[in-house]
Amino acid sequence: MMTSKRLQEIPPSGTVAISNLVSKMKSEGADIISFSMGEPDFTTPSNIIDSCIDSLKDGFTHYTPSTGIPELRKAIADVTKKNNGIPCEASNVLVTPTKQALFMIALAYLNPGDEVLLPDPSWVSYEAHIRMVGAVPKYVTTSFDDGFVINPEKVQEAVTDKSKMIVINSPSNPTGCVQPESTLKGIADICIDNDMIALSDEIYEHIIYNGKHCSIASLPGMFDRTLTVSGLSKTYAMTGWRVGWLIAPEDDIKAVNKLQSHSITCCTSFTQTASVEAITGSQKDRDEMVATFKKRRDLALDLLSEIPGLECNVPEGAFYLFPKYDAKISSNELAEKLLMEGHVAVTPGRAFGPAGEGFFRMSYAASEEDIAAGIERMKKVFATL
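Sequential numbering from 16 applies to the sequence shown in the working numbering.
Hints listed in this document are in silico derivations from the structure and should not be mistaken for laboratory results. On a predicted model such as this, the values are computed, not experimentally measured, just so you know. Here a beta-carbon is modelled for each residue, glycine too, at the ideal position from N, C-alpha and C. Only true hints are included.
Listed below are the simulated DSS-like cross-link pairs for lysine-lysine, each with C-alpha atoms no more than 27 Å apart in a straight line:
1. K395 <-> K39
2. K177 <-> K114
3. K310 <-> K227
What follows is a set of in silico ranges between Cβ atoms, one per label pair, in the way DEER data are often shown:
4. A270 <-> N209: 19 to 25 Å
5. E172 <-> K269: 32 to 38 Å
6. D341 <-> K269: 48 to 54 Å
7. D208 <-> K269: 24 to 30 Å
8. A32 <-> P127: 23 to 29 Å
Work out the full structure, taking the sequences as your base and the hints as a guide.
Structure (structure tokens):
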């Protein structure tokens with residue numbers, strides 16, 4: 016059957032495509048070490064699992080309000096107000112899977128021809144969402160030498176009368192960059208002066224090693240023009256639970272909830288009660304996971320520094336490295352070579368935008384043993400280039 020024109024113009028997710036290939040090769044018996052997926056390798060903390068089991072045993076297995084259960088909306092608002100300084104209440108929260116929130120935002124706010132300013136490089140699905148609704152991604156290049164921090168002057172240069180939105184992801188996937196508050200203040204001024212919406216993806220907000228997380232919605236004049244998205248997948252090793260949220264002015268929550276009520280209806284009931292436990296319960300496991308990520312980051316950086324022709328910034332957050340290489344080969348070809356010859360999976364930098372060419376993304380959400388063995392395999396492949 017013939018699919019829609021808009022779907023035909025959207026490439027598959029680069030990260031998911033690599034992951035699917037790795038799964039296939041593993042099922043055929045290949046010994047693959049994968050650094051390709053943005054997924055913690057930890058098990059969800061036991062207090063969260065136990066809360067979910069209790070909900071199931073109590074029969075909490077039916078529909079919830081489309082916006083989410085009241086206890087979870089309140090817990091999200093309370094912790095966001097306390098930690099991020101965003102002036103929100105429960106009525107400003109829509110409980111929804113994080114990627115679903117981003118997709119619904121594109122549907123709810125973007126018209127054909129609208130321009131969306133997008134840092135380059137940035138996560139693979141932003142561009143896809145923008146294109147799906149007929150809007151136009153307009154890349155604002157960031158640089159390795161500047162640590163991939165967004166330059167507000169470049170943002171201002173990119174603004175036209177068609178500019179509707181700017182996307183911010185801090186800490187960043189794929190670079191691990193944490194945007195400084197001074198940078199966000201400069202972007203906020205541009206949004207206010209040009210009547211633009213800020214979409215702030217803060218899914219990695221608790222995985223920070225250096226610097227300080229700042230929510231742009233907390234800055235003066237920005238709450239009413241910011242859509243803040245976050246969730247539990249990365250922080251609590253809950254990728255399979257599919258629970259996240261959108262924080263926005265109440266009228267915007269009502270508007271986006273129209274899409275939710277006509278699509279997924281609501282998040283899974285028993286994962287919502289478990290999410291209350293994740294947010295309000297002990298944070299000991301979360302903090303230990305972040306400390307382990309930092310240890311793995313430092314190990315991976317040390318080992319990569321031994322490979323000639325590679326340079327890598329020290330990421331301040333998330334759990335990715337984005338090394339720059341000097342071999343005369345495209346990032347897609349490099350990723351294929353590493354996988355086929357070295358049996359180690361990384362994501363080509365080009366998947367994250369034009370400025371990602373000459374880089375690859377490596378997730379260090381893997382054991383220290385796999386990090387050491389995988390980088391040793393990479394070292395042997397690079398020696399042949």
